[in-house]
Amino acid sequence: MASIDVRQTPDGTEPTWTGALRRRLVASLPPDQLLPDRQPAYVASWIYVFGVATLAALLAVIVTGTILVLEGPIWWHTSTVGHFVNSLHLWSVELFFFCMVVHLWGKFFMAAWRGRRALTWMIGALAFVGSIGTAFTGYLVQTNFDSQWISTQAKDGLNSVGIGAWFNVLNTGQMLLWHVMLLPLIIGVLTIWHILLVRRRGVVPPFGAAESVQAAEAEPEATA
Amino acid sequence: MTATKMHRAASPEAAKWAGPTRRYDLLKEFVIACGVVAVIVVALAVVLGSPDDRAVSIRQWSHVTPNDFVLTAATELDGTSPTATYGAPYSYTSDAGQKLGPLPLADWGGVRQPVDTTNDFVVNPLRTIVGDAALTSALQTWTRAPDSVRQGWASAYDKALSAAPDNNPARVKPGNYGPVPVMLNRLLGMARSGGLDGALTSSSGFYAFNYTKPLLLLSDGSYLSGLATAQHLAGDQWGMMNETGNFPGQAWLWLYTFWYQISPFNSSGNADALVWGLMALLTLGFILVPFIPGIRSIPRLIPIHRLIWRDWYSEHPDRPAGPPTGPPTEPRPRADMSA
Amino acid sequence: MLTAGLIDLNHPGYYLHWGVIQVSLANAIVILLMIVVFAAAILLPFPRSRG
Chain A
1 MASIDVRQTP DGTEPTWTGA LRRRLVASLP PDQLLPDRQP AYVASWIYVF
51 GVATLAALLA VIVTGTILVL EGPIWWHTST VGHFVNSLHL WSVELFFFCM
101 VVHLWGKFFM AAWRGRRALT WMIGALAFVG SIGTAFTGYL VQTNFDSQWI
151 STQAKDGLNS VGIGAWFNVL NTGQMLLWHV MLLPLIIGVL TIWHILLVRR
201 RGVVPPFGAA ESVQAAEAEP EATA
Chain B
225 MTATKMHRAA SPEAAKWAGP TRRYDLLKEF VIACGVVAVI VVALAVVLGS
275 PDDRAVSIRQ WSHVTPNDFV LTAATELDGT SPTATYGAPY SYTSDAGQKL
325 GPLPLADWGG VRQPVDTTND FVVNPLRTIV GDAALTSALQ TWTRAPDSVR
375 QGWASAYDKA LSAAPDNNPA RVKPGNYGPV PVMLNRLLGM ARSGGLDGAL
425 TSSSGFYAFN YTKPLLLLSD GSYLSGLATA QHLAGDQWGM MNETGNFPGQ
475 AWLWLYTFWY QISPFNSSGN ADALVWGLMA LLTLGFILVP FIPGIRSIPR
525 LIPIHRLIWR DWYSEHPDRP AGPPTGPPTE PRPRADMSA
Chain C
564 MLTAGLIDLN HPGYYLHWGV IQVSLANAIV ILLMIVVFAA AILLPFPRSR
614 G
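So the sequence lines, in the order shown, correspond to chains A, B and C. According to my numbering, the first sequence is numbered sequentially starting from 1. According to my numbering, the second sequence is numbered sequentially starting from 225. According to my numbering, the third sequence is numbered sequentially starting from 564.
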């Protein structure tokens with residue numbers, strides 16, 4: 001990655017904030033790195049599809065959730081179409097966690113944090129934890145027996161560490177807003193950041209691969 | 225050489241990949257993934273559906289187990305119910321809040337969801353009833369009596385009701401209970417009509433999104449918990465992971481609920497705080513795996529990566545994974561090493 | 564038609580017990596499936612595409 005002085009404009013004029021931001025963004029993630037159509041030869045295993053599968057499942061969660069939003073939180077109890085959309089939402093969440101955990105197992109055993117990729121791991125881990133919280137608020141706003149039981153149980157855990165004083169799981173209105181707006185926004189930001197980090201750093205190479213490529217590059221120079 | 229280039233030379237794994245590449249269509253892969261996910265999700269929804277066990281109400285509770293309702297109401301009135309003795313965030317009760325070691329985290333949260341069980345659950349709802357002379361008179365007697373007398377009546381009735389066969393109000397031994405039997409009898413009637421559900425939900429105004437009061441009252445009784453236990457949803461049944469019926473639940477909560485099943489958590493009054501504290505620590509550890517010696521070495525020790533990258537290793541056998549011979553490949557806590 | 568699925572899962576859950584461990588059959592199937600899918604993802608050959 002070339003170091004670019006963002007204060008300099010090509011024609012030497014006064015730099016703008018906009019221009020400086022653009023030059024910085026393009027420098028850190030050039031377009032052909034943001035949307036590459038080639039990838040390292042070692043990316044050749046079915047384990048690699050679970051990242052994009054998780055993303056696709058998240059999209060399904062959001063789309064089905066949006067349909068539920070259109071009709072309000074009680075609709076699905078009295079409408080067969082609504083119940084079907086709720087089923088779609090539930091199974092897309094189950095698939096989302098399924099794929100995310102398989103993706104996580106793969107990334108762990110690849111030690112995918114190597115080579116300045118620790119932040120990618122950390123943001124992914126945060127997204128996992130955040131997803132659990134988002135799913136939890138989802139269960140609370142089902143507005144059925146499950147919600148009643150889960151809320152009256154969960155309150156004890158949250159109250160025991162003082163969080164329940166603000167985050168009141170028995171307040172269905174508060175939980176609905178957190179579930180539908182605040183937490184998805186946080187998950188969305190974390191997901192986008194995670195993906196951008198993967199594009200920026202590239203997919204982690206096999207153990208020893210980067211060194212062997214570097215050594216192969218150095219050899220012609222050594223014999224020159 | 226710039227600082228960036230020197231840094232890159234020290235960490236080959238961080239460098240842009242300079243080895244063989246292949247053509248790959250990310251967007252097409254994403255579209256295919258969306259298609260596959262859509263098919264799987266629709267199939268699962270059609271074949272398995274989703275659970276929707278109806279919410280229970282105080283009305284239902286009072287019809288199905290009226291004695292349990294009245295007994296619970298008696299404990300709300302005399303301030304001995306789980307909610308009344310809970311402490312923060314519902315009320316100021318000394319020594320009630322859980323502690324994490326020496327830290328009274330529950331109390332630090334403060335009483336921000338105040339609930340006065342005597343008045344919120346019993347007296348104030350009863351005041352909304354009109355045209356019942358006996359109730360009006362009972363409430364007047366209650367209001368005019370000093371605190372200690374009221375407490376005496378309520379406690380005595382609670383004790384007597386607990387001792388009565390089947391907790392049946394009709395079989396309570398005679399005693400000095402003041403207006404309490406009439407009040408609780410009318411509260412049962414109000415519950416049966418559905419009026420108590422409404423009164424508790426709309427106690428703060430017409431529009432109600434906050435179900436704190438009716439849910440706390442429900443959770444103080446045995447009806448809700450009985451239904452939950454029958455569905456394997458109780459805390460000591462790994463309930464946190466489970467769902468009603470035969471549906472899969474939240475398998476990802478396995479470690480969170482595990483601790484509640486074993487000692488010392490399963491017999492501690494501070495179980496919730498202890499489990500939360502422990503899980504917060506483990507979660508932090510999970511997030512910081514790249515920096516934890518030992519944990520971050522597991523992928524080398526259990527070389528599943530050799531299966532994932534077997535094609536690469538078979539074509540490039542000269543540098544197998546093992547003790548690094550070149551520059552270090554794992555992040556070290558150096559000042560210039562931004563994660 | 565669409566309220567319950569083709570297979571009605573709204574019956575009392577079936578639970579497996581092993582010492583202190585209690586797990587619903589549904590959850591056990593999900594967890595097992597995840598392990599199987601992970602193993603398959605690692606072991607199944609990935610098609611070699613055009614370079």
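Simulated from the structure, these hints should not be mistaken for laboratory data. As the structure is a computational prediction, the values presented were derived from the model and not from experiment. Yeah, the Cβ is synthetic: ideal placement off N, Cα and C, and Gly gets one too. Please note that the accuracy of each hint is not assured.
Claimed, not checked - Residues from chain B shown here face chain C by an in silico Cβ test under 7 Å; the list is partial:
id: 1; residue: G273
id: 2; residue: Q284
id: 3; residue: M465
id: 4; residue: G469
id: 5; residue: N470
id: 6; residue: L531
What the hints assert, rightly or not - Some, not all, of what chain A presents toward chain C, calculated at C-beta under 8 Å:
id: 7; residue: W17
id: 8; residue: P31
id: 9; residue: Q33
id: 10; residue: V101
id: 11; residue: V102
For each hint, the structure was consulted:
Given the 7 Å rule on beta carbons, the hint for G273(B) holds: about 3 Å separates it from the nearest Cβ of chain C. Annotation: interface hint on Q284(B) violated; nearest CB of chain C at approximately 19 Å, more than 7 Å. Interface restraint check: M465(B) against chain C, minimum CB-CB distance 6 Å, threshold 7 Å, status holds. For G469(B), the interface hint holds, the least distance from its beta-carbon to any beta-carbon of chain C being 4 Å, beneath 7 Å.
The criterion of a C-beta within 7 Å of any C-beta in chain C is met by N470(B), whose closest approach is roughly 4 Å, and the hint holds. The interface hint given for L531(B) holds, since its Cβ lies 5 Å from the closest Cβ of chain C, which is under the 7 Å cut-off. Using the Cβ-Cβ criterion of 8 Å, the hint placing W17(A) at the interface with chain C is not satisfied: the shortest such distance is roughly 43 Å. Hint status for P31(A): violated, given a least beta-carbon distance of 23 Å to chain C, over 8 Å.
A hinted interface residue such as Q33(A) counts as satisfied when its beta carbon comes closer than 8 Å to some beta carbon of chain C; here the least separation is about 20 Å, so the hint is violated. Of the supplied interface hints, the one on V101(A) holds, with its beta-carbon coming within about 6 Å of a beta-carbon of chain C, less than 8 Å. Hint status for V102(A) relative to chain C: holds, with the closest Cβ pair at about 5 Å, below 8 Å.
In this structure, the hints that do not hold are numbers 2, 7, 8, 9, in rising order.
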